[in-house]
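K.L.:
Spelled out, the chains give:
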Amino acid sequence: GAGVSQSPSNKVTEKGKDVELRCDPISGHTALYWYRQSLGQGLEFLIYFQGNSAPDKSGLPSDRFSAERTGGSVSTLTIQRTQQEDSAVYLCASSPVGAITEAFFGQGTRLTVV
Amino acid sequence: GESVGLHLPTLSVQEGDNSIINCAYSNSASDYFIWYKQESGKGPQFIIDIRSNMDKRQGQRVTVLLNKTVKHLSLQIAATQPGDSAVYFCAEGAAGNKLTFGGGTRVLVKP
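Protein sequence lines correspond, in order, to chains A and B.
Quick note: the first sequence uses the working numbering, first residue 1, plus one each step.
Quick note: the second sequence uses the working numbering, first residue 1001, plus one each step.
These are computed hints drawn from the structure, not numbers from a lab.
Interface residues of chain B toward chain A, partial, derived using beta-carbon atoms under 7 angstroms: (1) Leu1008; (2) Tyr1032; (3) Phe1046; (4) Ala1095; (5) Lys1098; (6) Leu1099; (7) Phe1101; (8) Gly1103; (9) Gly1104.
Cβ coordinates follow ideal geometry from the N, Cα and C atoms, glycine included.
Input sequences plus hints: build the corresponding full structure.
P.N.:
As structure tokens, then:
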């Protein structure tokens, strides 16, 4: 596609349920980022994939959070046993070669845990 | 770890005035710096970037200044317009590493 695509755009889930958020990066981009953004706040780094290297998971807030990137393309962020504090916009970004070029962001998935 | 430090203050600017948004970074190994603009309900969008071998770069109505001595980055917006109201983020990076984002600054343009 022309840009980074995220789905769903909005997700409302009950506390305790698992959710999966999807990111389709720009074709050919080797680097992929997940960020979380609470209302009116900055970007909280979650996880970074770069090519075939081991992902940088240093930003994942708890073991309820995990992410995969299959075939170096599509990525899925999974949150297990969701809590109300998980409510936020989850943003995905991709870039051609990592931190020496700009990252292109998707529109985000707004997650609401009720 | 190293990070770009930027709290989330609010900068109120009169329409037509110039805006200056500041960012401090701490990783002296960073060689690439970017400014992003995020409008309400959207993902951040690239504005302008600068390499560490430069100290100034100009775009359309925007100028980025890099002071490596004091590890400071700024974004200047000339003749600020209502459409410039947004949150602005700086980011830093280096080959082999991930981009690191600052906390953001909200710019409100008053008519």
